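*Asks:* The whole structure should be built from the sequences, with the hints applied where relevant.
Chains A and B are the protein sequences, given in the same order. The opening position of the first sequence corresponds to residue 1 in my numbering, with each subsequent residue numbered one higher. The opening position of the second sequence corresponds to residue 1001 in my numbering, with each subsequent residue numbered one higher.
To be clear, the hints were calculated from the coordinates, so they are not data collected in a lab. From a predicted model like this one, the values you see are computed outputs, not experimental measurements. Virtual Cβ for every residue (Gly too), placed ideally from N, Cα, C. Errors might be hidden in some of the hints.
Unchecked claim - Residues from chain B that keep clear of chain A, each with C-beta distances beyond 10 Å, as calculated:
(1) R1024
(2) V1093
(3) L1168
(4) D1172
(5) D1185
What the hints assert, rightly or not - Short, incomplete list of chain B residues facing chain A, as computed with Cβ under 10 Å:
(6) G1012
(7) M1031
(8) D1122
(9) I1124
(10) R1198
What the hints assert, rightly or not - Capping the alpha-carbon separation at 30 Å, the derived lysine-lysine pairs in BS3-like fashion look like this:
(11) A/K14 with B/K1138
(12) A/K100 with A/K188
(13) A/K28 with B/K1091
(14) A/K28 with B/K1138
(15) A/K28 with A/K188
(16) B/K1137 with A/K14
(17) A/K541 with A/K218
(18) A/K14 with B/K1140
(19) A/K14 with B/K1091
(20) A/K570 with A/K218
(21) A/K14 with B/K1144
(22) A/K28 with A/K181
(23) A/K318 with A/K608
(24) B/K1071 with B/K1094
(25) B/K1192 with A/K14
(26) A/K30 with B/K1091
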Amino acid sequence: MTETLERILSRVEKPARYVGGEYGAIIKDKSTVDTRVAFCFPDTYEVGMSNLGLRILYGIKNNMEGVWCERVFAPWPDMEGEMRAAGLPLYALESGDPIKDFELICFTLQYEMCYSNVLNMLDLAGLPLRAAERKDIFPLVIAGGSCAYNGEPLAAFVDAFVLGEGEDMNVEVVRCIQQAKREGLTDKTELLMRLSKIPGVYVPSFYDVLYNEDGTVKSITATHGAPEHPRKRIVTDLDSMYFPCETVIPSTEVVFDRVTLELMRGCIRGCRFCQAGQIYRPVRRKSPQVLVEQARRALEHSGYEEISLSSLSTSDYKGLGELCDGLLEYCEPRMINLSLPSLRADNFSYELMERVQKVRKSGLTFAAEAGSQRLRDAINKNVREEELANTCRIAFEGGYSTLKIYFMIGLPTETDEDVEAIAGLSYRMWQLAKKRSTSGRGVKITASVACFVPKAFTAFQWEAQNTRDEFLRKIELLRAKMPRAINLDWHEPSTSFLEAVFARGDRRLADVLEQAWRDGAKFDGWNEYYDFDRWMEAFRKVGIDPDFYATREHGEDEVLPWSHIDVGVKFSHMLRERHAAYRSEISPDCRVQCTGCGANCLLENGVKCDE
Amino acid sequence: MSELRLIFQKVGTAKYLSQLDVMRTFTRAFMRAGFPLKFSQGFNPHPRISVAHPLPVGVEGYAELVDFDTKDDMGPDALERLASVLPQDIKAVKLYTPQSSVKEITFADYTLEFIYDSGVPDGILETFSAQNIPVMKKSKGGVKESNLRDAFTEIREESRDGRSVVLLARLDARNAPINPRYFADALASAGKAPDFARYARRRFLRADGEAFE
Ligand code: SF4
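*Replies:* Written as structure tokens, this is what we have:
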């Protein structure tokens, strides 16, 4: 630590997040390293260190000979101000070295609202924002994560995107860069051409995008020999895949401070609004034996007192009972808590929860998504009110006292009756809970309402988002209908609006991003910094209409800005699902019957989904 | 079951850890080292671990104490096992069965390093020889004036170079120990505000002035 840094740290909040030094952090001898990698998480240390993907890629890259991968997080604005005042560029936590001197800078994009932080971090590093202005071959800036599938709004700022699961692909990318470094290559285009040959790598500058007069995309044409349809990468065998049993253990508090065990990737359910459920297909799972062994090793190495199972729908994991038995056998005598998020509202799941969560009986949550059965069918959210009621009854009889139900408003085909049905359903759950409660503490039911954001690569990718006024009208309607006994939480529609713009954005949004950043945008995912008016001002200044992206219905024959990206699931499938939604018709899950989404083409020949 | 005491150092990057961070870190490090920790009874069992006299964030400690209970024998090489699973700048110094209670801690020696970018001004030590050294002390109840002179029994210069001076102060450790940064505040009131300061707790002492262990 330099004295400059020490002086700064004496004046900022939570300085521990800026110094590294945690147990498990990788320190390498620089004389053995020729490729320095900065893994940038465009949010705070506390959020970033809670991310499993970061730990996986950190471990994988540091296992490579000659490569040193270090962590970088977005400094909170007080720290940023101090760094700028002292002329201290963005540095990596392990070495304290400025990242502008590294060979590779990788960003992970987990949500659209982090884009302003990506720009801010590039600037803090002392690098030009635009890829075209970074003439030197190094550092190369690449971005991955779920937002990279439609990374177009960031296309002007990053040199390459990596699409899909990074375990194998990152090794190939880093090797390619290391090779270029060893050769003394200086031609950035040549390096990008080599990278574009790696399956999963998408170099946006190698695609010419033309627009129609009405502003929609006319064509997207590959150049430089890049693939016409860059296809996402997946790992086919999760059992043999790297898992970070030995990883960095933060000394200071982070959001999720525990071992996270990933049960499976993909989801057998085809909720039509859900992007994660589509982009992570096909469904693959780890075996319970491998999971139990990895859990044991990860707990031994970390000393953590909690382990959490992670997947999009834990109840759908085959072998959940066996897995929990194996985990409890290790955890119980050691006082280690097992937590099971993302359970479905069914009896089996509830009994399991009873068995593993003996201590705290408070926070029960359900995702109902819509108030009426008709709308739940339209979005293919396969849960019936009887199931909710049944779980609610058993849970409150079993001593639970609070229940939170998640809903969305603004879903395609929604009517005012559907909105009002949210109040009705919540009320019926409250009545039931009150009658059955044994906790003696009174019951508390919360209806948490989010505004629907149409996302790329879903059945609803063509849909118009409700306008802000329409959302506010629906919230008012709901407030008027909602009995006082129920807490109503709702999300500010303006955030969802911006999310919708970027989720389906194209390259022209680069100017908006840069303008908003120049006007001070950062930490847009944080209420204390998000400023809707600043963004609207930025749209006005650069002459772009945000409604074109968010509240306009996109034509089914339109070339979408992400049309050239292949995520496995086919547009024709998404379209079929969209039309089924209009008929309020459900589709079976992958176990009942394959609906031919196309994701199985990513698997090796002969391998079936969810085996 | 036995009670154990660890003497540890918390320096460098680890000086930024709060009291809660230190507790969390030791709980996990003890688990990693395979220490058979004893847990409290009740609905939310937690290991019995206590850190004596929390250090303020930003202050180094060279002989800090943590007491904890175990239910079995620790096994051989307990100190080495622990040392190998600690964060970079937390160092395990000594592990033993304590003979005295932390209540016997009466004083704590601190080094106070004041850095002046344009040279150390005269009269640093003299600032602390006045009978009344008013400082504005922040507490939960608000800000109130307090006499810094009551917080220490001895102060002397330990070393100096062109741009910094290091003082050694013996602070009363019993009731509401004072944050060492009030020494810099006192210098600021005397028109000698340092550009930067570093603080470290060197050792705990008993009432008779002997080192506490
Ligand atoms: S190919 Fe069939 S089984 Fe596989 S994810 Fe798609 S719908 Fe499900």
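*Asks:* For every hint, state whether the structure bears it out.
*Replies:* These are the hints, each one checked on the structure:
1. R1024: violated (7 Å)
2. V1093: Per Cβ check, B/V1093 is outside 10 Å of chain A; nearest 18 Å; holds.
3. L1168: holds (21 Å)
4. D1172: It holds; B/D1172 is separated from chain A by about 24 Å at its closest Cβ, greater than 10 Å.
5. D1185: Per Cβ check, B/D1185 is outside 10 Å of chain A; nearest 13 Å; holds.
6. G1012: holds (7 Å)
7. M1031: Cβ of B/M1031 sits 3 Å from chain A, so the hint holds.
8. D1122: This hint is violated: B/D1122 lies away from chain A, its Cβ roughly 24 Å from the closest one there, beyond 10 Å.
9. I1124: violated (19 Å)
10. R1198: holds (8 Å)
11. A/K14 with B/K1138: This hinted pair holds, its Cα atoms lying about 19 Å apart.
12. A/K100 with A/K188: Roughly 16 Å between the alpha carbons, so the hint for A/K100 and A/K188 holds.
13. A/K28 with B/K1091: OK: A/K28 and B/K1091 at ~20 Å, within 30 Å.
14. A/K28 with B/K1138: violated (43 Å)
15. A/K28 with A/K188: Judged against 30 Å, a Cα distance of about 27 Å means the pair holds.
16. B/K1137 with A/K14: With Cα atoms ~21 Å apart, B/K1137 and A/K14 stay inside 30 Å; holds.
17. A/K541 with A/K218: Holds - the C-alpha atoms of A/K218 and A/K541 are around 25 Å apart, at most 30 Å.
18. A/K14 with B/K1140: holds (20 Å)
19. A/K14 with B/K1091: holds (22 Å)
20. A/K570 with A/K218: With a Cα-Cα distance of about 20 Å, the restraint between A/K570 and A/K218 holds, given a limit of 30 Å.
21. A/K14 with B/K1144: Holds, at roughly 25 Å.
22. A/K28 with A/K181: holds (19 Å)
23. A/K318 with A/K608: Holds. A/K318 to A/K608 sits at ~15 Å (cutoff 30 Å).
24. B/K1071 with B/K1094: It holds: about 20 Å lies between the C-alpha atoms, which stays within 30 Å.
25. B/K1192 with A/K14: Given that 30 Å is the threshold and the Cα spacing comes to 28 Å, the pair holds.
26. A/K30 with B/K1091: Holds - the C-alpha atoms of B/K1091 and A/K30 are around 24 Å apart, at most 30 Å.
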